[in-house]
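Chains A and B, in that order, give the protein sequences. Heads up: the first sequence at position 29 corresponds to 30 in my numbering, and the numbers run straight through without jumps. Heads up: the second sequence at position 146 corresponds to 150 in my numbering, and the numbers run straight through without jumps.
One thing to keep in mind: the hints can contain errors.
[Claimed, not checked] Only part of the chain A face toward chain B is listed, based on derived beta-carbon distances under 10 Å:
1) T74
2) L91
3) L155
[Claimed, not checked] Quick list of simulated restraints, FRET-style, between CB atoms:
4) A:A62 to B:A323: 24 to 34 Å
5) A:I51 to B:L254: 37 to 47 Å
6) B:Q330 to A:N47: 40 to 50 Å
7) B:L129 to A:A213: 29 to 39 Å
8) A:K34 to B:L44: 40 to 50 Å
9) A:N173 to B:G141: 43 to 53 Å
10) A:K103 to B:P214: 25 to 35 Å
Hints in this document: simulated from the structure, not taken from any laboratory. For glycine and all other residues, C-beta sits at the position ideal for the given N, C-alpha and C.
Residues per chain are reported as follows:
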Amino acid sequence: MNKFLSFSIVAGLACLLGCGKSSDATGGSSGGKKLTIALMPKSKGNAYFISCKKGADKAAAELGIELIFDGPTDPDPARQNEIIENWITLGVDAIAAACENKEGISTALRKAKARGIKVITYDADALPDAREFFVNQATPEGIGHRLMDEAARLCGNEGEFAIITASLTAANMIEWQKHIEARRASEYPKMKMVALRPCDDLKDKAQSEATALLSANPNLKLIMAICSPAVPGAAEAVKQAGKTGRVKVIGLGLPSENRRYVKEGVTDSVILWKTEDLGYLTVYAAHALAKGELKTGDTRFKAGSLGEFEIQGDNLLLGKPFVFTKENIDQFDF
Amino acid sequence: MDTERHGFKTLAFRHETVLLFVLVIEWFYFHSVGPRFGTLDNSYDILRHSIEIGLLALAMTPIILTGGIDLSVGSLLGLCAITFGKLWRDAGLPIPVAAACTLCVGALAGGLNASLITWLRLPPLIVTLGTYSLFRGLAEAITRGVDTFTNFPPSFLFLGQERWLGLPAQAWIFLVVAVAVWLLVHRTTFGRSFRAIGFAPEGARYAGIPVERRLAMVYVLAGVTAALAAIIYTARLGQAKADAGTGYELFAITAVVLGGTSIFGGVGSVHGTLLGVAAIAVLSNGLVHARQPREVAGMLTGVLLILALSGSVVPKMLATWRTRRQIPREIQQSNTT
């Protein structure tokens with residue numbers, strides 16, 4: 002009886018593993034010289050990366066390559082390293098990673114590079130010596146210009162506006178704000194920035210700051226929120242003050258967090274890159290790198306149906322951020 | 005009596021054999037689907053990736069043998085990792101000194117668990133649930149959650165990333181600890197007293213075993229081992245951050261229980277734990293080679309655990325059920341004769 006039991010345990014396990022095998026077989030066997038590209042998100046369940054994967058899958062189908070998409074499902078910071086080290090042994094042709102721990106993951110990526118695997122990063126960069134290219138979803142200049150252009154368009158190129166930022170000391174915020182100001186001075190001199198308020202990356206604080214801005218500046222035409230919690234925060238303030246439509250709200254944030262306000266007409270536009278395009282471009286770039294078609298020093302890169310992209314140094318630029326409005330926001334689910 | 009003991013012995017033996025068998029099957033299966041699975045490189049990957057959890061599982065085995073548990077080891081790994089980083093980078097201590105101090109911090113933390121458990125007689129589950137949050141919280145407070153220690157010298161990273169005498173460098177440390185814990189549990193009176201405490205703490209006390217001192221010993225040992233794991237972890241990743249080792253305590257407990265150690269204490273073995281660690285590590289690595297997504301590993305680990313455990317309980321239940329059925333027949337037979 003006991004023998005039977007231990008046997009059934011083993012048989013059961015073998016069955017389970019067998020199931021794994023059959024589903025693998027339907028997934029397409031990796032025969033021949035099909036290139037294998039491994040794509041790693043920061044974390045696997047994140048809607049942002051799931052929509053990146055959509056674009057990546059499309060690119061993989063067009064290129065006829067095998068795409069492995071795997072990443073941490075738990076918050077263990079060592080997990081990204083382990084998966085990459087497994088991929089090295091597995092012998093993938095290229096690795097594209099969005100890095101959670103810059104320094105930590107670089108150790109594993111350098112090892113991959115040393116073994117002749119092509120490495121690129123996307124979304125969040127590693128240390129520059131650990132990868133060949135970084136697919137940069139948005140430059141500070143691109144973000145700054147897009148925000149200012151959008152603000153000017155909504156205000157008819159003149160009037161007062163205010164900015165809500167995360168903090169007055171955050172490097173990326175300062176950088177963006179610098180480009181917003183440069184664009185304003187050169188293109189829209191009749192626009193006037195009347196206030197710059199920090200919200201500490203909190204929605205509540207953004208809301209109270211926006212409320213204060215509204216009462217202090219009766220001629221205010223637009224609030225620009227440049228950190229993601231501030232966009233719904235500012236929108237809520239405008240809505241509660243009954244100034245929907247008279248004071249416009251725009252900002253940098255996720256479509257999903259702002260869908261409600263955009264549909265109600267409180268927020269006019271939300272600015273972000275198209276994550277699907279990010280995944281698509283990343284896979285195309287990894288593929289070209291593995292084939293030797295993309296080299297250091299190139300200045301242009303053509304990625305399938307999306308056309309040409311610019312390369313600045315070792316940064317492959319996704320281009321101008323995308324504007325989500327009432328018309329298109331329902332097509333995006335991140 | 006004698007036959008029962010004998011039967012029990014073969015049962016304990018059988019659990020580990022089943023596990024070994026499972027391991028061999030895992031190995032052959034993954035070898036057949038993943039061409040690179042059986043390479044030496046990959047075997048070293050498996051070894052390197054399982055050493056920190058392996059160390060924690062080794063330290064957890066004597067604790068569970070005494071009927072206790074330590075939920076704080078993963079958090080302590082995080083605390084020790086950043087202590088080590090802080091001592092090296094901010095206090096400017098040389099690596100060996102920083103490492104020695106980190107081991108002391110581990111011992112102190114283990115001592116805190118031990119004193120709460122032995123002096124205040126609080127249940128280990130409650131005590132270590134508290135220190136689980138406390139240690140992680142301390143680690144986050146010291147670094148404010150964002151500070152990351154990195155740029156360690158190559159001579160230190162060697163420990164986690166290079167090979168020495170043909171094996172990954174950290175494997176030698178693991179080997180020494182494994183042998184030491186095995187000897188402690190299986191070849192000394194300490195080991196026997198752990199089991200005695202696990203079976204019946206009051207009985208052990210009446211038998212003259214210094215229960216408190218033995219308990220303190222296993223928790224301090226776990227603290228030191230967690231600190232050692234933290235140093236190896238830092239060398240492997242090349243970075244120390246407050247979230248190091250998140251969730252490792254559960255992996256370690258899973259490995260111990262999978263290895264046949266009873267969660268109620270008294271029964272279990274160190275080689276069982278080692279097999280448990282190996283079974284989980286091979287599964288998680290092999291699934292990558294079988295091109296299966298990561299979440300399948302968690303699922304199959306769960307299935308493995310449930311199967312292995314019911315595999316060692318169900319035969320016992322069946323045996324009692326059969327004897328119960330046999331008794332009336334025997335009575336009938338004795339009546340007719």
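Taking the hints in turn, this is what the structure says about them:
1. T74: holds, 5 Å
2. L91: holds, 6 Å
3. L155: violated, 36 Å
4. A:A62 to B:A323: 24 to 34 Å: Given a distance of about 57 Å, which is not inside 24 to 34 Å, the answer is violated.
5. A:I51 to B:L254: 37 to 47 Å: Between I51 of chain A and L254 of chain B, where Cβ atoms are some 26 Å apart, the hint is violated.
6. B:Q330 to A:N47: 40 to 50 Å: Roughly 59 Å apart at Cβ, these two residues miss the hinted range, so it is violated.
7. B:L129 to A:A213: 29 to 39 Å: Since the Cβ atoms of L129 of chain B and A213 of chain A sit about 50 Å apart, the hinted range of 29 to 39 Å is violated.
8. A:K34 to B:L44: 40 to 50 Å: violated, 25 Å
9. A:N173 to B:G141: 43 to 53 Å: This hint is violated: roughly 29 Å between Cβ atoms.
10. A:K103 to B:P214: 25 to 35 Å: Given a distance of about 50 Å, which is not inside 25 to 35 Å, the answer is violated.
Hints 3, 4, 5, 6, 7, 8, 9, 10 from the earlier list are contradicted by this structure; the remaining hints agree with it.
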